[in-house]
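Chains as they are written, first to last, in this note's numbering: chain A, 40 to 153; chain B, 113 to 226.
Hints in this document: simulated from the structure, not taken from any laboratory. It cannot be assumed that every hint is accurate.
Unchecked claim - So the derived label-pair ranges between C-beta atoms look like this:
no.	chain 1	residue 1	chain 2	residue 2	range
1	B	Q168	A	Y78	21 to 31 angstroms
2	B	S134	A	Q84	17 to 27 angstroms
3	B	S179	A	K97	18 to 28 angstroms
4	B	T191	A	N152	25 to 35 angstroms
5	B	G128	A	G55	50 to 60 angstroms
6	B	D150	A	E110	22 to 32 angstroms
7	A	S42	B	R222	26 to 36 angstroms
8	B	Y122	A	H49	49 to 59 angstroms
9	A	E110	B	S179	42 to 52 angstroms
10	A	G101	B	S185	34 to 44 angstroms
11	A	S67	B	M207	41 to 51 angstroms
12	A	E110	B	R125	44 to 54 angstroms
13	A	S119	B	T191	45 to 55 angstroms
Because the structure is a prediction, the values reported are computed rather than measured. Virtual Cβ for every residue (Gly too), placed ideally from N, Cα, C.
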Amino acid sequence: AQSVTQLGSHVSVSEGALVLLRCNYSSSVPPYLFWYVQYPNQGLQLLLKYTSAATLVKGINGFEAEFKKSETSFHLTKPSAHMSDAAEYFCAVSDRQGAQKLVFGQGTRLTINP
Amino acid sequence: DGGITQSPKYLFRKEGQNVTLSCEQNLNHDAMYWYRQDPGQGLRLIYYSQIVNDFQKGDIAEGYSVSREKKESFPLTVTSAQKNPTAFYLCASSMGITNTGELFFGEGSRLTVL
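Assemble the whole structure, with the sequences as input and the hints as a guide.
Structure, rendered in structure tokens:
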């Protein structure tokens with residue numbers, strides 16, 4: 040069975056600083072990996088996904104993530120934080136057997152300081 | 113615009129009452145899902161349905177019931193048997209069981225039991 044661990048339930052950065060949200064996964068098969076973003080009192084929106092093509096994946100709003108098989112990681116980064124990036128971010132892993140098997144991490148709340 | 117509509121957005125109920133949360137999608141997706149979100153616990157799957165008139169239990173189905181009489185609709189009933197029903201409930205859909213795991217979410221329904 041697959042699992043996801045997000046390191047840090049809260050991350051705080053200054054506006055303009057690098058954003059780094061960490062995600063490590065466990066999977067017995069080559070995984071699909073996802074990052075979702077959730078703004079307050081809203082549903083989740085897909086930021087980006089890895090499905091075994093390029094290991095560096097670019098998403099919306101300037102975010103990107105790199106799949107590192109040797110480290111079982113899929114960390115999310117953005118070079119320069121913007122106030123509008125404040126939200127909760129979820130990493131998720133799928134064993135390719137369908138979305139009903141999608142496993143979510145606990146989430147990381149990102150705060151941007153002016 | 114295509115999307116998922118959940119209603120009501122906020123719901124207050126007395127302990128012991130059953131409540132039904134609505135979820136409608138116009139994306140022509142085959143699969144639909146219900147998740148429960150609690151602070152610090154990520155998303156947990158309650159029920160999912162891959163086709164009309166068929167649904168399966170997720171990880172935390174006890175105290176919940178669903179129906180799938182139409183492709184567009186997947187209502188969730190929170191019964192009095194659910195021990196701790198206060199939570200944020202998210203409905204999602206996907207194109208089918210063999211997709212990459214990408215989900216489309218509604219904006220959620222926040223249930224508070226008094």
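Just to be sure I understand the hint, the distance between the Cβ atoms of E110 (chain A) and R125 (chain B) should be within 44 to 54 angstroms; is that true here? Since E110 (chain A) and R125 (chain B) have Cβ atoms about 46 angstroms apart, the given range 44 to 54 angstroms holds.
Within 21 to 31 angstroms or not, the Cβ separation of Q168 (chain B) and Y78 (chain A)? holds (30 angstroms)
Does 22 to 32 angstroms hold as the CB distance between D150 (chain B) and E110 (chain A), or does it fail? holds (29 angstroms)
Distance restraint hint 49 to 59 angstroms, applied to the beta-carbon atoms of Y122 (chain B) and H49 (chain A): violated (25 angstroms)
Range hint 45 to 55 angstroms (beta carbons of S119 (chain A) and T191 (chain B)) holds or violated: Since S119 (chain A) and T191 (chain B) have Cβ atoms about 48 angstroms apart, the given range 45 to 55 angstroms holds.
Between S179 (chain B) and K97 (chain A), does the C-beta distance stay in 18 to 28 angstroms? The hint (18 to 28 angstroms, Cβ to Cβ) is violated, given that S179 (chain B) and K97 (chain A) are roughly 40 angstroms apart.
Are S134 (chain B) and Q84 (chain A) spaced within 17 to 27 angstroms by their CB atoms? holds (21 angstroms)
CB-CB spacing for S185 (chain B) and G101 (chain A) relative to the 34 to 44 angstroms hint: Given about 37 angstroms between the Cβ atoms, the range holds.
With 25 to 35 angstroms as the target window, see if T191 (chain B) and N152 (chain A) comply at their CB atoms. violated (44 angstroms)
Does the Cβ pair E110 (chain A), S179 (chain B) satisfy 42 to 52 angstroms? holds (44 angstroms)
G128 (chain B) versus G55 (chain A) beta-carbon gap, inside 50 to 60 angstroms or not: holds (52 angstroms)
Could you say whether the range 41 to 51 angstroms given as a hint is met by the Cβ separation of S67 (chain A) and M207 (chain B)? violated (25 angstroms)
The structure shown violates the earlier hints numbered 3, 4, 8, 11.
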